[in-house]
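2 protein chains.
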Amino acid sequence: MESPGQLLELIRATDGITRSDLVDLSGLARSTVTQRVDSLIDAGFVVEAGEARSTGGRPPTLLRFNSESGVVLAADLGATRARFAVTDLDGSVLDERAMDLLIADGPDPVLATTMKVFDELLDATGMSPNDVRGVGIGVPGPIDFAAGRPSDPPIMPGWHDYPIGDRFRDRFRVPVLVDNDVNIMALGEFWLSDPRPTSMVVVKIGTGIGGGIIIDGHVHRGAKGAAGNIGHIQTDTEAVCNCGNVGCLEGVAGGAALAEEMRAAGYDVENARGVVDLVLSGNPDAVVAVRKAGTRVGGMLAGVINLLNPEVIVINGDIARAGQPLLAGIRETIYHRSTALTTNDLQVRVSDLGDTAGVVGAAVMVIDSILDPAVVDADIESRVGAVA
Amino acid sequence: MESPGQLLELIRATDGITRSDLVDLSGLARSTVTQRVDSLIDAGFVVEAGEARSTGGRPPTLLRFNSESGVVLAADLGATRARFAVTDLDGSVLDERAMDLLIADGPDPVLATTMKVFDELLDATGMSPNDVRGVGIGVPGPIDFAAGRPSDPPIMPGWHDYPIGDRFRDRFRVPVLVDNDVNIMALGEFWLSDPRPTSMVVVKIGTGIGGGIIIDGHVHRGAKGAAGNIGHIQTDTEAVCNCGNVGCLEGVAGGAALAEEMRAAGYDVENARGVVDLVLSGNPDAVVAVRKAGTRVGGMLAGVINLLNPEVIVINGDIARAGQPLLAGIRETIYHRSTALTTNDLQVRVSDLGDTAGVVGAAVMVIDSILDPAVVDADIESRVGAVA
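Going down the list, the protein sequences come from chains A and B. Take the first sequence: its position 387, counting from 1, is numbered 1282 in this note's numbering, and each next residue is one higher. Take the second sequence: its position 282, counting from 1, is numbered 1177 in this note's numbering, and each next residue is one higher.
Read the hints as simulated data drawn from the structure, not as lab findings. Among these hints, one or two may not hold up.
Away from chain A, derived, C-beta distances all over 12 angstroms, residues of chain B [said to hold, decoys possible]:
| no. | residue |
| --- | --- |
| 1 | P955 |
| 2 | L957 |
| 3 | D983 |
| 4 | R992 |
| 5 | D995 |
| 6 | R1116 |
| 7 | K1119 |
| 8 | I1125 |
| 9 | V1135 |
| 10 | R1168 |
| 11 | G1177 |
| 12 | V1199 |
| 13 | E1206 |
Once the Cα atoms are required to be at most 20 angstroms apart in a straight line, the calculated EDC-like pairs of lysine to aspartate or glutamate come out as [unchecked claim]:
| no. | chain 1 | residue 1 | chain 2 | residue 2 |
| --- | --- | --- | --- | --- |
| 14 | B | K1119 | A | D1039 |
| 15 | A | K1119 | B | D1240 |
| 16 | A | K1119 | A | D990 |
Since the structure is predicted, the reported quantities are computational estimates derived from the model, not experimental observations. The C-beta atom is built at its ideal place from N, Cα and C for all residues, glycine as well.
Can you build the whole structure from these sequences, using the hints too?
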């Protein structure tokens, strides 16, 4: 009973599929599949690409999602750095740029730079503004997702309630989606996992600590878009956090807290990256500090695991580059504190994607939206009239 | 582009809807809606019931979900008590029974009793076994949901890997679903909420402490069906838990722990219900103990709220009957520890459903499964041939 949009979902999940396999998978009549596939081909969503191995007679044609029928522009705007990419409709990066960019400079200069880099990326890949199917943007603060506006973001002065999408929507006439940096990172980690897990928690340990939750392929944003705020879960310490509370995880295990700890021990360290450089150079004080931070993060994660029983946990962010000492501390506490049933097959790993996860996730957020079956169905209906 | 099953979902969400409103809601052509509604009426899922107010001309006919076209049998098997119900296909209880029943007696006697009570309930409501469309059962332990079998349940000797559904499936030839007691309680609380929230966490504080998570109308079970295991999240205490770990929430705030605390203070209290009786009689020691337990539960919930940002939190279970002192302790800690954005519109309440939530949830679990759009579509296709 699948609609054209739902058939497209089936096709996207494969590297190429025959009409016969679609009949089997969908339970639809062959004539119905033929008609709906034709409408998907006419609309440019699907192409015939090569032939499947024959089981006798003429080899059947393979259908593939036409991921080259447009591009998506993606930006991951961090506190001090930004990464931009142009991707195809599979979320594959065609070209990207990274640069220092201060979010605290405010919306006008930051978004003007973003538009400029988007134009460069289109030029560099031989694409025109007409090829753009959507724009996805991540920012380091809480977002009212439906409105696409930051909501009292603590480290983004001037951005509160700013309509980030407007100038891109005016320019490209396409959907523009905005989410916070950790949610898009989580979506990118999910998308590039093989196989993709049914549930996943991504922890970003940079200056602060944030979390992204993927359930059944979707970001869980919560009632106010504030889900994943794991940096302010309480630990059993007395450290005062910049949020005004005492004992927040971020106040003892975030990159800023670790840098301060190293400075107190006499090291000349500016930020999270400085801490990681010390760890990678083998400095024992830094290794101990990061491992201890790992046990704190692990204590928080033990609770998350008991609550959500995720299939995969991924650690990303600057501090994640510290690698083993961090992971060892995290695992030690998780295995001590979570139930056996939840940890037996649990994967806990440091990301091998780094910053790429963010821009890919920003693109995938847009792709999921514009290829939503209901959106595809509406598009096809508007082209060919009602498809019963 | 909605299929018949998806149209049925739209109809179920209303108290009665016209074909015109379905055309508007679905975006389908009027002729398609007419055809699909006819197939739903032919299959018995939908009935014409009354007339909408006319806006001129002949008043249009209202379509309603035919919730009386069958019944569901539901059982909530607790550690020492059980509740059974027969419901219609809206989850409305037609009749119910509660009794003492020890889960530790093992599957044979407990399930024989369950079958006997199911037969009594069918008799009492004038239904026959042929009217049964599905069976839903909750048990107080971890469940492999796909298989419908308990998985090393700590307080259910003899139940490990037992195929609970088999005898009901053999008898009634219908789907039988089994889940743990807190998940069905959460689903029942969700179903009977008005309006139904997009996300909800239900905490059951009985002898132990468990949680059920509802996201987008579905129970979140996690990778191994072990989600919601909040009783073993760590608190900052040194109490040894029966799981072998130290500092578990359940070991300081569960009903068994509270009863022990009251006994140590010289009170003759057997269990959670005894503690609540003391609270309700105004005993200050019991009030203080329950309020303190509330702050412990609130501390755990503050983390859950930061992580998931749910719309509603409901407290149920024997200890929930203590009411205000418990809720005050919970709220005090939540508002202290969670971010303002997550708590501004958060509802935290004690259930007014009590034990009914479990059996209703067990029934709704089954109803959601048998009325899943894909299942309805397959049913209709098998009756009337391929519906394009």
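request  = Could you let me know if the closest chain A CB is still more than 12 angstroms away from the CB of B/V1199?
outcome  = Nearest chain A Cβ is 6 angstroms from B/V1199, so the label is violated.
ask   = Is the Cα-Cα distance between A/K1119 and B/D1240 20 angstroms or less?
value = holds, 9 angstroms
message = If we take the beta carbon of B/G1177, is the closest beta carbon in chain A still more than 12 angstroms away?
response = holds, 33 angstroms
query = Is the Cβ of B/D983 farther than 12 angstroms from every Cβ of chain A?
reply = B/D983 is indeed farther than 12 angstroms from all Cβ atoms of chain A, at 26 angstroms.
query = With d taken as the least Cβ-Cβ distance between B/K1119 and chain A, does d exceed 12 angstroms?
reply = Violated: least Cβ distance 5 angstroms, not greater than 12 angstroms.
ask   = Once the closest CB in chain A is found, is it more than 12 angstroms from B/D995?
value = Answer for B/D995: holds, closest chain A Cβ roughly 29 angstroms.
message = Given the hinted pair A/K1119 and A/D990, is their Cα-Cα distance within 20 angstroms?
response = violated, 34 angstroms
query = CA of B/K1119 to CA of A/D1039, is that 20 angstroms or under?
reply = Answer violated: B/K1119 to A/D1039 is near 32 angstroms, above 20 angstroms.
Non-interface claim for B/R992 versus chain A (Cβ beyond 12 angstroms) = Nearest chain A Cβ is 32 angstroms from B/R992, so the label holds.
ask   = Going by Cβ atoms, does B/L957 stay more than 12 angstroms from chain A at every point?
value = It holds; B/L957 is separated from chain A by about 24 angstroms at its closest Cβ, greater than 12 angstroms.
key: Beyond 12 angstroms from every chain A Cβ - status for B/R1116   = Non-interface label on B/R1116 violated, nearest chain A Cβ at 7 angstroms vs cutoff 12 angstroms.
key: Reported absence of B/P955 from the contact zone with chain A (all CB gaps over 12 angstroms)   = holds, 21 angstroms
Hints 6, 7, 8, 12, 13, 14, 16, counting from the list given before, are not met by this structure.
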